[in-house]
Every structure is written in structure tokens, then in C-alpha cells.
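**Q** Here is how the chains run, residue by residue.
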Amino acid sequence: MRLRTIGLLAATALAATAWTATANAQNKGLENPRSTTFHGTLEGKKVVFLPLSMGFDLTEGWAARMRQQAERLNYDFEIRDPAWSTDAGTRALQSLITEKPDLIVAHNPDIQSYARLLAQAQAKGIKVVQINLESNTQTDSYVGADWTEIGEQAATAVVDRCGEGKGSSTKVAIDTGVPTAASDVFQLDGIYRVLDKHPEIEVVSQQATEYNPEKARSIMETVLQQHPDLCGAIGIWDNQDTGTASAIQQAGKGDQVFLVTSGGGNQVGCENVSNGLFNLYISYNVPLQGDILNAEIARLLLSDAGAGESKTLFFNPLTQITKDNVNQRNCWTLDDLK
Amino acid sequence: MSTTNANPANAPRVSGLFKSQEGIVLILAFVAFVAFSLLLPSFFSAGNLLTLVRSVSILGILALGMAIVVIGRGIDVSMIATMVVSVSWAFVLARSGYSLEVSLVIGALFALCAGVAIGILVAFGEVPPIFATLAAGSVIYGLGRTFFFQLEMQNVPPGHEWFSLFGQARILGIPITVVTFGVLCILIHFLLSRTRFGWQVYAMGNNPEAARITGVPSRPMILAQYAVSAFVAYGAGLILASSASAINARLFNSTMIYDILLVVVLGGIGLNGGHGKVRNVVLGTIFVGILLNGMTILNIDYTIQNLVKGVVLLLAIVIDSLVNPRDEQTSQQGDL
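In the order they appear, the protein sequences are chains A and B. Reminder that position 140 of the first sequence reads as 140 in my numbering, one-by-one numbering, no gaps. Reminder that position 102 of the second sequence reads as 1102 in my numbering, one-by-one numbering, no gaps.
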């Protein structure tokens, strides 16, 4: 009985000491002035995202990431959706120049259209970050894929499979998207940088699909009729290349034709890797791009430098996804990001 | 209307054929076919010819739906919107837990509702069809993007082998897409030439007022026409999705609707309504198919392909207006 009382007392005393100790530790906390400025400075700023169009994996993914940061740091985040119309995009950009937000995130439909307007926006003091598709004007920052690098990786993979004596032939087909987009022009440059070193590789078809899977399918079907021994195919975007892949599967040439494509690493694209439609999927990882984009937005909004004073860019790393590494880390769904 | 010349004698009929746009396109198609067969070693092979027809049969199916509306003096530029939204929605529903079958029925009902709604706008609201369908297209697409699906790209829901069969399988070596186009051609030919519905469509296209006075139920007929075209669009969308393993709602922003009109007009169905047959659609479809296939084999650049398509359409229209000069009657009917 006495023993028990002593034990109880001891325990109480111990708990009391521990409590006082923590309370003291709390009191010794230091206010971090940088934290206060970090959160305070960004409050009330305005960031506007001008995508090609909302409604597809890439833009929805970035927007979800940017919205999260805007909520955390209390700045305004708006989207102006031109729904694939370069005209509407140009008008949106013009009106943004008069509205003067603090920062514009621009996704270019091609390398020319927005180039002068982006320079104008910077001259007016609006900071500009370009995302994934560049224009001819270099602005405060560019975050996104290096299309030349994607082209080189894709071509290298195809050369490895279809070089002299390796595949069914040395014939390769290329499916492009829209001929004026940065993704097309720079990627083709990358592809041909590699292919020019391998004159044995014969490009038997190079056709634009307008990002339409059905058009990609019928082009690939025709190409396979003409060249039943086709060895490799390079597609410019996973969204269209489901069509390319289904033409290859339907011709019963899934094992013969090596298909390389690229995309943002959405689960839909990954599904096509695991069911064998895509042999190699070069992913530019949208969640990662979104995080880098957020870091750039915060950096530019905090910086005292004026718009266009220092120009940087960051080509984000690429992931080559094959059947062996389709996993949670490499593939994402929109719900994961939200 | 020189093709349906009432003269039973054979000679004028043949010369009449070559004076019509249909005849001109037939000659152009034949010339292109012979030229490609001689120039491209692998063009004239059974495999390639099937590929050729298959690549345009979805376009052909859509053009059949469009033809019915155009013959009845309407136009439906909302077909692509109806097609992508109803099919994408069906896929989204299937992924969210409904069975694919139920989802497909819901998609079909949505397409029908869209068609009927457009019909009501045109028949009861008396909005000109081009404006009604142009606006309806944006509304349907907007509805879809806002409420039904977030991503434009929808893969076919996994685990339904039968669904991919239906766009990818072959019957006696002929792709089902082509078979469907053929069967639909026969059905619609029968519908237009052997049923009261068909005759009334022609009557309405020739002279809407006269048709109404003589007792054609114009308004229900207009509703029916747009419902049929919407339903055909849905069917075409299913085949498209099944054969490409996915559907991209972005087709709404593409030039596909103009390609459908190209097929209809090129084949010789006048946009002022009242004439044209299923064989015009078949002709237009095959001609476009020959051009596209030949140019793909020749590996011609994208911009040049568009240029060629445009020039051919212009050529057909110019030759048509040279061979069939405007008279008082045709100019009164007006053009779209």
C-alpha cells in the first residue's frame, strides 16, 4: 500500500518535471523572421496561368500543383483557358498585359505566336515563366522538358533496336503532332541528330497526326501495309500514340515494331506501357514539373529584381518508363495531385 | 439535278452523269486511283485497298448521318461534339463503377437527347440549322468538359475484350468498321428511297413550304433527322474509340466536321437540300480515302496534304459551276 503511494507520487513528480521541461523548451523557440516575410510577401500577389487548353493531363496536373501552393502562400491564382485557340490565347495575353498581374505562366502553342507579347509583358514589369513549351523569347524562367533531349533519347532507343542486323529491318516511322509546336521542331532536331550518325536507319514515313489517335492509327496502318518489315516507330505524344500502338497490335506486329513515345507520365500512358502498347515511354513527369514551377514562381515573386533582369531555365530530368518500372513513383493520376 | 434525269434513254443519262459534280468527282477519283496504282507499287494490293476504305469508313459513317440532314435542307455541325461527349462520358461512367454496357446505353441516350434538343431548336425555335448546331456543338462540348469528364483523352476502360473486338475484328478478312459502313449504307439507302420517311425528307429539302402544305409533319420530321444524325455520330464514336483504343475529345476542335462536309459536298449532295443519294456519300468517301492513302504512302508533308485537299474541293466546285451554270431556280434556292 505504501509502496504504491510512493510509486504514484514519483510518477506524478516525473510527469510534472517533464511538462515543465517542455513548456520551457517552447518558450525558448525563436521566431524565424524569414518565415514571416516568406508568407507575408507573397500574400495578395497575382499569378495567371495561360495554358494551351485545360482538360488534358499536363495542364490539369500543373494547375493542381500551382493551386495548392497559391492556397498555402495566400496569393491569387487564375487560369485563362483559350481552349486550343492561338487567337484566343493571344487576346488573353494582350489583356493580361494591361491588367498587370505579378506573374504569367505561359504555355506556348508554337515558338512564334506569343514571342513578342511575352517580351512586351516583361517590358511592362510582369514576370513570365514558360512551361514545357518554349517560345523564341527567353523570359525570366523556363521550366519543362528539353525536347531535343527527348528526341535524342527516343532515336537512340530506336537505333539500339533497329540498327544494322538487329531488328526486322532498319526502317523507322515518325509520327509528329502539329508541325509548328516546340515539341515538334526541337524533338525532330534531336531525333535527326542521332539518326544522321546512323545512315543505315531509313525513315520511311514522317507524318503529322494533329494529336489525333485515330489519324495516327490510320497512318500507321498504311505505313505497315507498305513496309511490313517496319522495325521502329517514334511518336511525339502518348495521347496520340495509343492510335499508333493499336494499329501495330492489330497488324499482329507488337513484337516486331518497337514504339517509343513521350508524355507527362499520367496513369493513362502508364497503363499503355503495362499492357504492352508502348515499348518505351519517356516521361517528363508532370508532378515534378509542377514542383519546380512552384519553386520558380515563389523565387520570382520574392525577388526584388525587375521582370526580365535575370533569365534562367531548368530542363527537368526525364524518366524512361518500360514495363519494369511502371509504378507509383513514375505514374500519377489527377486525383493524387489534388 | 442532272443525275436523276427523267429521260429513260441511256445516252443522255451517261452524258448527264459526266456533267454532274458526281460525275466529275468520279472521273477525278478514277484518275487518282489509276495514277497511284501505276506510280506506287504497293498501292493496288488487297491489303492496302482495305486499309484505304477502313481509314475513311468512320468519316463515311458520319457523312451518312450528315447526308440525311443535308438532304432535308439542314446541316448538323454539332456531330463531332455529340460524338466525343457521349462516348467520353460513357467511358468515364464505366470507370467510375457502372458496367460498360449500362454506361454505353447512357451514352446513347445522351446522344439522342442532344439530337432531339437540336431538332426542337430548329423545328420549333425556327433557328437556322447552321447557327443552331454551331451553338449546340459548343454547349454540348462545354457541358461535357464541365460536368462529365475532366480529361480530354479517355482510354477504353480496361477488361472488356468484346468492346475492342468491335472496332478491331474482321469478318471474312474485312474489318468490321468497313462492314458496318457497308451495312449502314444499305440501310440508309433503303430508308431514303423506300420509306415514307425518306420521301418526306426529299420533299422537305426540295421545298419546305410545299411539303408542309401538302401534309408532311415537318416539325417531327426535323426532330427525327437530328436524332438520327446524333445517333449515327454516337455509333461512329464507338467504332472510332474501339479501333484506336481511345477517344480524344479534342476532335471537337479539329477539322473533322469540315472533312465530313467535304465528303458530302464532294460526292455531289448539294447543301441546298432535296437531292443526293447514298452513292454520293460512298463516292465522296472513297475519293477522300484514295487521296489520303496515296499521300500518306508518298509521305507528303502535312501542310501540303491540306493544300491538296483544299485545291481538290475548289476544283470540284469550280468545274461544277462551269458545267452547271446557275439559273434562276438554283440561285433562288440559295446557298449555305
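FYI, nobody ran anything at the bench for these hints, they're computed from the structure. Just so you know, even glycine gets a beta-carbon here, dropped at the ideal spot from N, CA and C. Check before you lean on any hint, since a few could be wrong.
Distance windows between CB atoms, simulated [as the list claims (entries may be wrong)]:
hint	chain 1	residue 1	chain 2	residue 2	range
1	A	P228	B	H1160	44 to 54 Å
2	B	G1159	A	D255	19 to 29 Å
3	B	I1106	A	N275	24 to 34 Å
Chain A stretches covered by chain B per the calculated footprint, using a threshold of three residues with CB under 8 Å from any CB of chain B [what the hints assert, rightly or not]:
hint	segment
4	215-221
5	329-336
In silico contact screen, one side only, chain A against chain B (beta carbon under 8 Å); selected entries [as the list claims (entries may be wrong)]:
hint	residue
6	G55
7	A64
8	M66
9	Q68
10	Q69
11	D229
12	T242
13	Q250
14	Q256
15	E271
**Q** State the violated hints by number, sorted upward, taking the hints as numbered earlier in the document.
**A** Of the numbered hints, 1, 5, 7, 8, 9, 10, 11 and 14 do not hold.
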